[in-house]
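As given, the protein sequences belong to chains A and B, one line each in that order.
Just remember that our numbering sits 47 ahead of the position in the first sequence, which is counted from 1.
Just remember that our numbering sits 36 ahead of the position in the second sequence, which is counted from 1.
By construction, these hints were calculated from the structure, which means they are not laboratory data.
Source: prediction; values computed, not measured.
No incorrect hints appear here.
Straight line, CA to CA, 16 Å or less: simulated EDC-like cross-link-like pairs of lysine to aspartate or glutamate:
id : chain 1 : residue 1 : chain 2 : residue 2
1  : B       : 136       : A       : 236
2  : B       : 264       : B       : 235
3  : B       : 94        : A       : 228
4  : B       : 144       : B       : 157
5  : A       : 275       : A       : 286
6  : B       : 42        : B       : 61
7  : B       : 42        : B       : 65
8  : B       : 38        : B       : 99
9  : B       : 136       : A       : 228
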Amino acid sequence: MANLGNSGKRSTPRASAKLNTTAVDEFLRRRGGLVSLVLVLGFLAVWEAFAQTGKLSKILFPAPTLIFASFFNGLLDGKYTQDLRISFTRIISGFLIGGGAGMVLGLLMGWSRRLRAVLDPIIAGLHPIPKFALLPLFIIFLGIGETSRIAMISLGAFFPLLINSMAGVLQISPTYYDVVESYGATRFDIFRKVVWPGSLPFVLTGARLSLRNALTLTIGIEMVFGNKGLGAALWLSWETMRMVDMYSILLIVVILGVGMVGLLEILKRWMTPWHQGNHRGGSEST
Amino acid sequence: MKIILKNISKDFAKYTKREVDALTDINFEIEEHEFVSIVGPSGCGKTTLLKIVAGLLKPSTGEISYLGSTQPSVAFVFQDQGLLPWMTVMENIGLGLELKRVPSAIRKDQVIAFMKRIKLDGFQDHYPHELSGGMRQRVALARAFLTNPDILLMDEPFAALDAQTRIILQEELLKIWRVERKTVLFVTHDIDEAILLGDRVIVLTDRPGRIYEDIRVDIKRPRDLTAKDHPVLKEIRWQIWEILEKEVRQELRLS
Chain A
48 MANLGNSGKR
58 STPRASAKLN
68 TTAVDEFLRR
78 RGGLVSLVLV
88 LGFLAVWEAF
98 AQTGKLSKIL
108 FPAPTLIFAS
118 FFNGLLDGKY
128 TQDLRISFTR
138 IISGFLIGGG
148 AGMVLGLLMG
158 WSRRLRAVLD
168 PIIAGLHPIP
178 KFALLPLFII
188 FLGIGETSRI
198 AMISLGAFFP
208 LLINSMAGVL
218 QISPTYYDVV
228 ESYGATRFDI
238 FRKVVWPGSL
248 PFVLTGARLS
258 LRNALTLTIG
268 IEMVFGNKGL
278 GAALWLSWET
288 MRMVDMYSIL
298 LIVVILGVGM
308 VGLLEILKRW
318 MTPWHQGNHR
328 GGSEST
Chain B
37 MKIILKNISK
47 DFAKYTKREV
57 DALTDINFEI
67 EEHEFVSIVG
77 PSGCGKTTLL
87 KIVAGLLKPS
97 TGEISYLGST
107 QPSVAFVFQD
117 QGLLPWMTVM
127 ENIGLGLELK
137 RVPSAIRKDQ
147 VIAFMKRIKL
157 DGFQDHYPHE
167 LSGGMRQRVA
177 LARAFLTNPD
187 ILLMDEPFAA
197 LDAQTRIILQ
207 EELLKIWRVE
217 RKTVLFVTHD
227 IDEAILLGDR
237 VIVLTDRPGR
247 IYEDIRVDIK
257 RPRDLTAKDH
267 PVLKEIRWQI
277 WEILEKEVRQ
287 ELRLS
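Chain B on its own, in the form it takes in the complex (with noise of 0.2 Å):
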């Protein structure tokens, strides 16, 4: 399924005074089985792109086609806060399914094989309290994947996690991804990250979040942790690096 996104603008003045969180002019397509990355200083409205293209929020103007699905079904994993703390592991996991009314019968069988498979067995009756960041951004994926979506929303999955454990869940979710191929948005302000795991990296502009760049990163697939050597990731990294330095310098009163 491709994704088209035409003069999208979202303006939240109507309600509220703030200018960030607001975006003008978006263009820009999606293949079908493309990993979109977006990079952009806090405040260009990457989360407000990533909920237009979601449903949950409606753009101001423009429109959003997906070609070759009238219904496309969503999947979001959040920074944090995305697993109900009310549900046990097991629950969460199942939570997208269950909310597309598939069968309890159907659903728990799924649900199991895909913990077994990405090892969060002997966790399912675990509340989310009781894990790691790590291991809920895990079950966040978990719970994504499995409603098997025609596009994955993913705001900042990895953030709020300590460096390490941000490398193990990125090399996961390109292990993950290699087997399920989806459609991804994935917003970051993680550069290397950005690279690494995207087709290309769209850069954003703020006050309103504008595209300023659209990068192909030509870093052959499967990808793995040494793609962040890659020769193609530096000469990116330090690309979108300029781009960026500005926009901060200029929000810092540094230039």
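Just chain A, with the same shape it has in the complex (with noise of 0.2 Å):
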């Protein structure tokens, strides 16, 4: 009997949490951005709470009401434009620059094998270099001027593009190149209807993590060295202890990154239409 009974009250629970979660499954799929909306915006009221009262350091935390205040009086009266410009003109100099190089060479190497045969192993060494190591040596040979920030946000762009680029290329089909060369085609033919828009996925993919690396990089050595940019304003509020101002700045980096790479990812959305079915995606090497 207790046997019995037992064996009835195991399965009944088992059944209904199969279920459940099912259930949860079902609604995190439509609505899981909702959910992590109250997470964050949950996190943002007991954060304030906290504030108000006094459990935490008005100076250290100052409330998110206060912060999102600073934010928006900033914006208005101009108070970070000529950070942002400045920061942003670095961003996307280092991403062309250093990401353009790194797209056109990594495209190269996928398609020729000699190439790759040469430069695989020099690129494989200095790749998992941290780039921001290498800072002291590019003021050495740049000196402390703006062309060594360059250099070295484009350095940080260099290699997620070319990795990428050279991933995508060498992921064609070999039989895409025969059924182009089978109706006679130039060189130029085999590039732009083989090897660019079947690389393309993967070169997307490249561009945002170097757009990623390029922005890490630009805040970092504004951090160290100058007194312009968002990461030279940021040290500097941080410096001064002017929390609120710290929080805004960051705010607004955050908001950069966030946009640049949700732009990129609308671009390959819409380049590569082909492209949504079968998401093989791309390698995500940094």
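Got two chains here, each in a separate frame; can you build the complex from them with the hints?
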């Protein structure tokens, strides 16, 4: 009797648990974003409450409402405009110079077995070096001006685009080359019909990672030397204990990063509509 | 245009150790508008032979001559991945013409007309991954025929399809070919398909691939699927099977 009761009890919760799991999965699949939003708002509300009641240091952790007010005021009266413009220019310059060079070299290395044989070991050796560690070297060779900053940011943007572009070309099925070559394609035809469109999803994944590296390096370099740019402003506000300012600038950096990466994601969707159905993505190699 | 292959061999030993896909001592002629099927065990160099005729590979020895044309145009139909995934159906069908520098206005008209003819209209903006395997091969056929090639090279175009779809596409190919008479080299491992479609069936044996038999198929044209019951087909089927069975048994160490 006891056995029978036991087994009955055991099976019932299991079945209902299974039902619940699928219901939860279904809800999260549809409304997962909403749950995230609630979590974030909840966190801010708790923070606000603790700050208002004095349970948190008002100096180190000012109330979110104060931060947002300072953020919007700062935007409106142009307090951050110059720093934002300087940082943005550096990010984009480094991304275009370093990322562009990385993309071109990556595509060529993917296409040419000879070039790959020569350069791949060099790239493999240089790639894992934390780029920031090279800052002193850059200063020695290029001085402490804008040149060495842009050069460092470019270097950070160089590798992700190089490696992903190369991987993008290498994953193209050899049959596609046969297809166009059988119709008498020139080398330029092969590039524009096969190599470029075939590697584009990977190139754009590389671009996202390059952009992220450019942002990281820009803020980092600005924190270490110079007195302009978001990184410098962030560091100065920290050193002078203007924490409301620090959080406002941090918010700008976050929005800048998310915005740029989001733009690239939209670009990817728009440029490679054929890639939506068969998500193979790119290798996530920074 | 007549194609003459003389003493063709292909040897990959220089680059790799693979024995498969090599060819030796290939001699045959293809008459203009002739449909030649090639069957053989896998690894016997069928694809290599097609690529040599297409000019995608250079033979190690021997030569191919084309009588009646100095620069023969070819169209290649592959087993799969013959469509470029980043191009729509319409762009894929027009690709051959585009690479042959046909002006875009003319190209567009031709593509649309051909799509209508083989009932692909309505799919022009689809991407290959949105189509079934059978539809993809129909698009590949359309592209190949539309370039109006001297030689049509088909590398197991229906091998990846299910049996029913394959039958329908065989019929479709016969139907198009009845109007657009091309010289065709058709590689397959399906014996019935080889006989049904071909004026001749060339049987290759492997390692390295060489011509074992060259069989004429005396079934009158135009043919349709009823030719599958033709006594000639049944007779040739067993003749080819006897050759291939020996090969396959050897490969499987069964003899």
